[in-house]
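Following the hints, complete the assembly by docking chain L onto the known chain H.
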Amino acid sequence: MKILVAVKRVIDYNVKVKVKADNSDVDLTNVKMAMNPFCEIAVEEAIRLKEKGVADEVVVVSMGPAKAEEQIRYALALGADRGILIESEETISSLGAAKLLKAVYEKEQPKMVILGKQSIDSDNNQTGQMLAALLDRPQGTFASEVVVDGESVKVTREIDGGLQTVQLSLPAIVTTDLRLNEPRYAKLPDIMKAKKKPMEKTAISDWGVTLPSGQKLTRVETPAERSGGAKVASVDELIDKLKNEAKVMS
Amino acid sequence: MSVLVIADHNNTELLPSTLAVVSAALAIGGDVDVLVAGSGSSGVAEAASKISGVRKVLNADHEAYSHGLAENLSDLVASLSDSYSHMLASATTTGKNFMPRVAAKLDVDQISDIIAVESENTFKRPIYAGNAIATVESSDAKKVITVRTTAFDAVAAEGGSASVDSIDSVFHSTESSFVSEELAESDRPELTAAKVVISGGRGMQNGDNFKLLEGIADKLGAAIGASRAAVDAGFVPNDMQVGQTGKIVAPELYIAVGISGAIQHLAGMKDSKVIVAINKDEDAPIFQVADYGLVADLFEALPELEQKI
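Those protein sequence lines, which keep their order, are chains H and L. According to numbering that gives the first Met the number 0, the stretch in the first sequence is residues 0 to 249, in order. According to numbering that gives the first Met the number 0, the stretch in the second sequence is residues 0 to 308, in order.
This is chain H alone, in the form it adopts within the complex (with noise of 0.2 Å):
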C-alpha cells in the first residue's frame, strides 16, 4: 500500500523564538530551521511500515518556502520514495493545509496520510483532523501505536488518563504522538542518494485549491517573564515561606 506523510519546516525545537520589535510575529530571520519533530516520528512510522512489507511506497509532501525542499530531501534520505513540495511564501493556515493535503490525496491515492499531531510554531494541533473530515475517513490521532491488519488500522492513541485503542477502516488518517517510536537519523550516503530520488515541484495554483482567509494574526508579544529566582537555604526555610510568605500552605 502506499503511504501519504506529510511534513513541516519549522523553526528547530533548540532555539528560542525572538518577538520582532514591531510584534507582528515571531522573528525567523536567519534562524536554523528543521523538520517539525512530530512530522520526523510520522516519517519514521512509514519508512518502519515500508520496512516490515506492510507498505511498498512512501510519498513524502510539504508546504512551505522553496526551501522546504531541505525537510523532503531529508525524508527521501531517512527511506521515502518521492516528494511532492507545494511551494508558497504565504502562510498557509490549517484547514489551508489539509484542503492542499486532499488534492494530493485525491491524485495519489494512498491507504494510510501520516501527520505529525502539531507543528510546533503554531501548535495547532489541527490539520490531520481536517484532512480526514474533508475527505470523510476517519482518524487515529495522537497515535503511539499503528498496527495495520489487512483493509484496517488499529491506532493506540495518547489520551488524558491513558490510552484508547481504535480500530479504523482503510484508508486513515494518522496523527502521531511521542512516544510512537524513535527517528533514525539520515546516513550521509542516504543522504547522496537521496539527492537523486524524484521530487515535484507545484504550485498551489496546481491544485485547484484557494486558501482560506478567515483569520488573521494581529499582534505577537513576548509573555509576561516570571520574577523567580529567589532561593531557600533550607527545608524548614521553605515551609515556613510557603505558610507564612505565599500563605499556599497550612
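None of these hints come from the bench; they were simulated from the model. Careful: at least some of the hints might be erroneous.
Here are the simulated SDA-like cross-link-like pairs (lysine to any residue), alpha carbons at most 20 Å apart as the crow flies [stated by the list, open to error]:
{"#": "1", "chain 1": "L", "residue 1": "Lys-123", "chain 2": "H", "residue 2": "Lys-242"}
{"#": "2", "chain 1": "L", "residue 1": "Lys-307", "chain 2": "H", "residue 2": "Asn-243"}
{"#": "3", "chain 1": "H", "residue 1": "Lys-240", "chain 2": "L", "residue 2": "Glu-251"}
{"#": "4", "chain 1": "H", "residue 1": "Lys-242", "chain 2": "L", "residue 2": "Glu-303"}
Here are a few chain H residues that face chain L, going by a calculated C-beta distance under 8 Å [said to hold, decoys possible]:
{"#": "5", "residue": "Ser-87"}
{"#": "6", "residue": "Thr-90"}
{"#": "7", "residue": "Ile-91"}
{"#": "8", "residue": "Ala-132"}
{"#": "9", "residue": "Gly-160"}
{"#": "10", "residue": "Pro-188"}
{"#": "11", "residue": "Gly-207"}
{"#": "12", "residue": "Thr-209"}
{"#": "13", "residue": "Pro-211"}
{"#": "14", "residue": "Gln-214"}
{"#": "15", "residue": "Val-234"}
{"#": "16", "residue": "Asp-235"}
{"#": "17", "residue": "Asp-239"}
Cβ atoms here follow ideal geometry from the backbone N, Cα and C, with glycine treated the same way.
For chain L alone, coordinates are given in the frame of chain H:
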C-alpha cells in the same frame, strides 16, 4: 449571538474543565448552551443544567457517543451549528480530537487553545510552546474554538437551572470503532485540575523513586506529574507528562523536583501561582522561574519535607 459548549465528562461525571470552558463562553457573550454527548449520560446532563450561567443543556445520548469518537461527535456538533455563532470545547485530548473536524466541516479555521477572550472575534493564544502569545482575529461566520482551561476561572457548578433537551439525531460511523481503553487508576486529583502538583524529572533516577513524591502528594492533596525527560527515560507513563508536549497545568503550588527546567517543561507549568524547585544543580534554569528554590539533594530533601509538612 449564542455559544455552544461541548461538555467534558466520562458518562457519569461532569468534568471540572467544562466549568472553565463555560467561563470562556460567558466572556464571549450571548446565550450559552451546553452539549452533553454520551451514553447513559443523563446524570451528566442534569449536572450541566446546574452550571451557573447556562441557558439550555442538549443531551445526545447514544452508544455512538460513549467513547467520544471524533467521527461521530464532529458530525453531531456540525449538525447543531446552525443555531450557534461560536462552538467551544476544552483543549483536552477529546476536544483536540474532534473540534478541528467540526471546523473543517464548516469550512472555517479553528482557533486552538485560547487563553483570553478579547472580543467576540478576537482571542489570545500561545504559540511556539508559549514563548510567544498571538492575538488572532477571525472573520469566519462560525467560530470553532478550543480553550486552555487553566487560563479561565471556573464558573460555579451550582446555581443554574437550565432546561435539558434531548437530541435524537445519531451519527454512527461504521469506519471507526472503539476497541479498548487503559486508564490510570488513581485516588489523587487529576493533573490539570489539582491545586497542588508535585513533579519529578530525570533527577529522580528511576520510576521507583517517584514513590518519594507520593507521601508528600498525599499530605498536600497533590497530583503527581513528570517532565518529558522522566517520561522519555521510561520512569513513568506519558499521561503524567507536564509540558508543551504533555499537560498544561496552573496550580496554586507547583513543586518541581529534579527537573532542570527545559523550555518545553516551563511551557507546561509557568503559569502556576507559586513555583518551588528542588534541584542539586544550582545553575538549573528551573531556578530562574521558581519563587522558592532549594539547592539540595532530592533524596535528602524529600523525606525531610514529607516528615515536616
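Give me the numbers of the hints this structure contradicts, sorted from smallest to largest.
1, 5, 6, 7, 10, 11, 12, 17
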